[in-house]
Amino acid sequence: MKVFFPPPNRRFGTVDVLGLVGLIGLLVGRYVPVAKLIPFWGCVLRESTGWPCLGCGLTRVADRVAHFNFVGAWEANPMGTVGALLFALAAVVMVLHLAFKMPVPDIELSPREWTWLRVAFPILLFVNYAYVVVKTKFPHLLT
1 MKVFFPPPNR RFGTVDVLGL VGLIGLLVGR YVPVAKLIPF WGCVLRESTG
51 WPCLGCGLTR VADRVAHFNF VGAWEANPMG TVGALLFALA AVVMVLHLAF
101 KMPVPDIELS PREWTWLRVA FPILLFVNYA YVVVKTKFPH LLT
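Under UniProt numbering, think of the first position of the sequence shown as 1, with each following residue one higher.
Hints are computed from structural coordinates only; laboratory data are not their basis.
All C-beta atoms, glycine included, are put in the ideal place defined by N, C-alpha and C.
One thing to keep in mind: the hints can contain errors.
In the DSS-like style, the derived pairs of lysine-lysine whose C-alpha atoms are separated by at most 30 Å in a straight line are [said to hold, decoys possible]:
{"no.": "1", "residue 1": "Lys-135", "residue 2": "Lys-36"}
{"no.": "2", "residue 1": "Lys-137", "residue 2": "Lys-36"}
{"no.": "3", "residue 1": "Lys-101", "residue 2": "Lys-2"}
Now the in silico label distances, taken between C-beta atoms and shown as ranges [claimed, not checked]:
{"no.": "4", "residue 1": "Leu-117", "residue 2": "Val-17", "range": "17 to 23 Å"}
{"no.": "5", "residue 1": "Thr-49", "residue 2": "Ile-24", "range": "29 to 35 Å"}
{"no.": "6", "residue 1": "Pro-6", "residue 2": "His-140", "range": "48 to 54 Å"}
{"no.": "7", "residue 1": "Trp-114", "residue 2": "Leu-141", "range": "34 to 40 Å"}
{"no.": "8", "residue 1": "Lys-137", "residue 2": "Asp-106", "range": "40 to 46 Å"}
{"no.": "9", "residue 1": "Val-95", "residue 2": "Ile-123", "range": "32 to 38 Å"}
Make the full structure from the sequences, and use the hints.
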């Protein structure tokens with residue numbers, strides 16, 4: 001992995017976009033009760049089959065991370081919690097970058113590192129989904 005630090009700038013880049021999305025998402029999670037306001041809000045797959053989808057728990061994750069309830073967010077969806085925390089970190093970096101010209105490092109991965117990432121991500125996604133399924137369908141196995 002190679003890390004490059006550009007000169008101080010205020011150019012709007014990828015991390016800034018992710019930070020803006022994260023900031024908006026966390027503000028909505030903090031101040032808008034989405035699950036209560038929208039009558040049809042819920043998981044269609046879970047309501048019709050009883051099995052959770054890959055995204056089950058993400059609304060609870062956003063709400064709980066925005067309220068600093070990290071344990072509750074982790075219980076709802078571990079990988080979603082990591083994603084929400086990365087969005088929050090991107091929001092902090094965005095503010096520092098745009099307000100104080102803090103350089104945002106560019107990271108370059110080698111082909112081998114990209115291969116590891118492409119192998120590890122689906123495995124992590126599968127393990128996360130297995131956890132959500134067990135927690136939803138078979139909670140007695142976790143106690």
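The hints, checked one at a time:
1. About 23 Å separates the Cα atoms of Lys-135 and Lys-36, which keeps this hinted pair within 30 Å; it holds.
2. For a cut-off of 30 Å, the pair hint linking Lys-137 to Lys-36 stands: about 24 Å separates their Cα positions.
3. In summary, the hint linking Lys-101 to Lys-2 is supported, as the alpha carbons are separated by about 22 Å, within the 30 Å threshold.
4. Separation of Leu-117 from Val-17 is about 20 Å and conforms to the stated range, judged on CB atoms against 17 to 23 Å.
5. Distance hint for Thr-49 and Ile-24: a CB-CB separation of about 32 Å, consistent with the stated range 29 to 35 Å.
6. At roughly 53 Å, the beta carbons of Pro-6 and His-140 sit within the given window of 48 to 54 Å.
7. Restraint check, Trp-114 to Leu-141: a C-beta distance of roughly 35 Å satisfies the suggested window 34 to 40 Å.
8. Judged by the Cβ atoms, the range 40 to 46 Å given for Lys-137 and Asp-106 holds: they are separated by roughly 43 Å.
9. At about 33 Å, the CB distance of Val-95 to Ile-123 agrees with the hint of 32 to 38 Å.
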